[in-house]
Amino acid sequence: GDSVTQMEGPVTLSEEAFLTINCTYTATGYPSLFWYVQYPGEGLQLLLKATKADDKGSNKGFEATYRKETTSFHLEKGSVQVSDSAVYFCALSEGGYIPTFGRGTSLIVHP
Amino acid sequence: NAGVTQTPKFQVLKTGQSMTLQCAQDMNHNSMYWYRQDPGMGLRLIYYSASEGTTDKGEVPNGYNVSRLNKREFSLRLESAAPSQTSVYFCASTPRVSSYEQYFGPGTRLTVT
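So the sequence lines, in the order shown, correspond to chains P and Z.
End of the first sequence = 111 in this note's numbering, gap-free, step of one.
End of the second sequence = 224 in this note's numbering, gap-free, step of one.
Hints were generated in silico from the structure; no laboratory data involved.
Please read all numbers here as calculations on a predicted model, not as lab measurements.
Please note: incorrect hints may appear among the correct ones.
Said to hold, decoys possible - BS3-like mimics (lysine-lysine), calculated; alpha carbons at most 30 Å apart, straight line:
| id | chain 1 | residue 1 | chain 2 | residue 2 |
| --- | --- | --- | --- | --- |
| 1 | P | Lys49 | Z | Lys125 |
| 2 | Z | Lys182 | P | Lys49 |
| 3 | Z | Lys168 | P | Lys52 |
| 4 | P | Lys60 | Z | Lys120 |
| 5 | Z | Lys120 | Z | Lys182 |
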């Protein structure tokens, strides 16, 4: 079945550092890919999405590119802030079905 | 708009006790979902309701029951709580089951002792 694998956390960075959180997936077809973010004490919210190969999703300075050849959707941000501290979930949806979520990666940004 | 609301925010139960987690959405969405979130396990789907009057099992339904009371409300019931059900429970909704973006509530933190 479909699955999503994310890098283990926590990822700890200083403010203004470059962020990469790796995500790879397994799917039988051509899924849509998502990144969700969960701030402390809150539910998940959609951060960005890409629905076909080579699409780049972007929001709030975060970007991720749908790479079919490497089955990856890595999340990047050029300069993180303390307010970016959260848990990030990669997810996929195939054929419009209910998303499959990764295990989440915790990001801690220090001033 | 409140979006998706959940009650209670926190709950402590003893083993064997029962309780119902409530969820409501005001976005006129057709589909609603219950997930549990455990450390290192991510989100796992317990049950979902594609539309009013229908419910289906997800990945981890054992020990739970659900009721889609009306279009707005979707409750999750633990009939006899077990320590393994200690978790954070999230309710979510979408316009329809094929919609990409899920809208989540703030969660209920449940501890079973």
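Would the pair Lys168/Z and Lys52/P pass a check requiring their Cα atoms to be no farther apart than 30 Å? Satisfied, since the Cα-Cα distance of roughly 29 Å is no more than 30 Å.
Within a Cα-Cα threshold of 30 Å, do Lys49/P and Lys125/Z meet the stated pairing? At roughly 41 Å apart (the allowed maximum being 30 Å), Lys125/Z and Lys49/P break the hint.
Quickly compare the C-alpha distance for Lys120/Z and Lys182/Z to 30 Å and report which way the hint goes. Given pair Lys120/Z, Lys182/Z holds - Cα atoms ~22 Å apart, limit 30 Å.
CA of Lys182/Z to CA of Lys49/P, is that 30 Å or under? 27 Å, holds
Given the hint that Lys60/P pairs with Lys120/Z, test it: the Cα-Cα distance must not exceed 30 Å. Distance of about 28 Å is within 30 Å: holds.
When each numbered hint is compared with the structure, a violation occurs for hint 1 only.
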